[in-house]
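Enquirer: In case you want the letters, here they are:
There are 2 protein chains.
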Amino acid sequence: MPNFENKKFLTDSRLADRVADIHSFIVVDFITRAKAMEAAGKSIVNLAVGEPDFETPSPIVKAAMETLKVNSIRYGPSLGSDALREKISDWYETKYGVDLSPGRVAVTSGSSAGLLLVMGVLLSPKDEVIMADPGYPCNRHIVRAMEGRTRSVPVGPNTGYQLTADLIAEHWTDRTVAAIVASPSNPTGTLISHEEMKKICSFVESKSGSLIVDEIYHGLTFGLDAKTVLEITQNVFVINSFSKYFGMTGWRLGWIVAPELFINAIEKLAQNLYISNSDIAQQAALAAFDPKTIEMAEGNRKKYQQQREFLLPRLKNLGFIIPIDPQGAFYIYSDCSAFTGDSYSFCLDVLENVGVAIAPGIDFGNYRAKEHVRFSYTKPINVLKEGLDRLESYLKR
Amino acid sequence: MPNFENKKFLTDSRLADRVADIHSFIVVDFITRAKAMEAAGKSIVNLAVGEPDFETPSPIVKAAMETLKVNSIRYGPSLGSDALREKISDWYETKYGVDLSPGRVAVTSGSSAGLLLVMGVLLSPKDEVIMADPGYPCNRHIVRAMEGRTRSVPVGPNTGYQLTADLIAEHWTDRTVAAIVASPSNPTGTLISHEEMKKICSFVESKSGSLIVDEIYHGLTFGLDAKTVLEITQNVFVINSFSKYFGMTGWRLGWIVAPELFINAIEKLAQNLYISNSDIAQQAALAAFDPKTIEMAEGNRKKYQQQREFLLPRLKNLGFIIPIDPQGAFYIYSDCSAFTGDSYSFCLDVLENVGVAIAPGIDFGNYRAKEHVRFSYTKPINVLKEGLDRLESYLKR
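Residue numbers (this note's numbering), protein chains in the order written: chain A, 1 to 397; chain B, 1 to 397.
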């Protein structure tokens, strides 16, 4: 059985120090393994992947095809095409009633590039960033790549698996320059209430620090709409993406909204680190805000909601402990301590034995990571059912 | 008149230290200004841009369209699709007779991302990288972004505007971990001879350092073919790109060839910093090595050669000093000291007065930067002629 956790890295004195501290994106390793098993003829149910099962909405694909017929594919401005920055700005007006200058929008090569740029303009060596554990794995590694340091704050059901203003205050030190929160959160699917977000904004502002809010899963909330932090303050970094709600993972396109003061710094870093974004992806994304695309995205959202409502009670019935019903993203972060004290081995064993891929908690931090796994409900109900049947047979062996 | 060099950055104590050290990509600012003037109705001759004037070859565009008709656009492996890594590996066999495992190829989101990954796995804070001045501007800024430090070595006509093994040896210190060379070089268009490259490889190896060779302009050499450093050693990082020879700038796709030992480190950094590359660009690039595409690329190369042969003697006639005829890329790095001791103001003045965009030396380093400008010869001969006529009228005012 492969063990990605302890994947051997040949050591070489030439490797940068950061390499030892940056871990593989373990769920990516699991998915790669699952795909290899599938290619070898094994039937796999993938409940690990953080990628919509739906295709990119057809108006976006059509816009890309029209572009290929008519236009050159060229370098463009490092902060993104004017047309797309304006569309994004308009979207904040339409969706949230927020008046946002296109000049504060930076289009990025996926939200990963957006995070790197924000950390790049904020972090000097050993500056600290506060974030929740569990949280999105790449956050801490991008901080480390930029020579910052992460202060992970264990969070559990009592705060909805989220940071609070009080927790941030408790962990803020002289070295802290920023806090990052995600609402909805990957892996927990929980949101931060608008009232708590106001308190967080006030606290970080009182420290002259920077707040980064990951709104990548906006649009994918169930039973409520998420508010943007831009309804509270303009002195904030927002990270967003065309990948999830708009179904454009493989196109690699996201955006930042930055405080006015930081846009020039982000621009010069983007010029040097990326030159420009994918032209074809930007031309395609111009159709992302069309009414027809939104109608399709909202249709997909309803299906995710049904999938969530199918999976959630059944996981609880199987014995997974889920104290807070997640309200967003497409993940259920589940306490699996009834079955194992080593969720990493558990996930590997489930994959190898019954062909169900689940993401182990270790990918998302350290706090009770060995007692948690993350289920994705991106797949249709019949696939989820097959996965649950296999999991049940595994658990009842 | 705008002054990009001194573009004001609002200072904020929250900005990372690196921001003060990283400069705008000045030629990008010039091109943006030129486009704005054009949009305002002014006629502009763009001799600043480092982008092929030719369209992306049609087989590549066609492959993208077929992909959009048939396939989903999805996340993929962080090191690139297996199919594309194999095609790239095959290319080294076909073009250079080098046997290269696809496992040592990492596909990247442009060569910019490739450089960032290589610097990311090599540089701990304050580690030094030796590079030529003049050289590609982003190199030193990517080093700075990763908290390394650049040791710029002034180079001139006596070494063909290139580093030599002797120069590298002279500047190597206890803090040096790597040297980067480019052959052909941007901005000078000169190559490093295979014999000198052998000496460079030996020296860097003797220091247990790392050598990075930028081969982005391979295929764009005139009167000779460039050899790859992989014909000399496998203990080297090669940076390459689909942007220039293959005409895919706006698609954002490049690749690294890395020593075996470093591939796992590059993979985990790529997983965290990028997740994956553009799927549509990768599918399109599968057609980059088709005989029909290569035929088109070679046709373009002949046109570049004609454009070079048109521009080079005329620039000399106008009074620009060009001691070494450049043999590659599509640039002529020209000593303009007959006209100015401040090439930055000169370029701005030329742009504002006669609408000709040229890149000022300051973008490429400090050494005699104020006495140099870079001309691109990507445009057809009639456009080059118009630019030269305007430049002549400006100089004879």
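Among the clues, some could well be false.
All copies of an identical chain are treated as equivalent in the list; a pair is satisfied when it fits inside any one copy or across any two copies.
[Unchecked claim] In silico PhoX-like cross-links for lysine-lysine, where the CA-CA straight-line distance does not exceed 25 angstroms: (1) Lys69 x Lys292; (2) Lys370 x Lys302; (3) Lys385 x Lys198; (4) Lys227 x Lys87.
In short, the hints are calculated from the structure, not lab data.
Enquirer: From the Cα coordinates, with 25 angstroms as the cut-off, is the pair Lys370 and Lys302 best called within, between, both, or neither?
Expert: neither (32 angstroms within a copy, 61 angstroms between copies)
Enquirer: Is the C-alpha distance from Lys69 to Lys292 at most 25 angstroms within one copy, between copies, in both cases, or in neither?
Expert: Intra 22 angstroms, inter 19 angstroms, cutoff 25 angstroms: intra and inter.
Enquirer: From the Cα coordinates, with 25 angstroms as the cut-off, is the pair Lys227 and Lys87 best called within, between, both, or neither?
Expert: The answer is within: 19 angstroms in one copy meets 25 angstroms, while 46 angstroms across copies does not.
Enquirer: Within, between, both or neither: how does the pair Lys385, Lys198 come out at a Cα-Cα threshold of 25 angstroms?
Expert: neither (40 angstroms within a copy, 61 angstroms between copies)
The structure fails to meet hints 2 and 3 from the earlier list, while all remaining hints are met.
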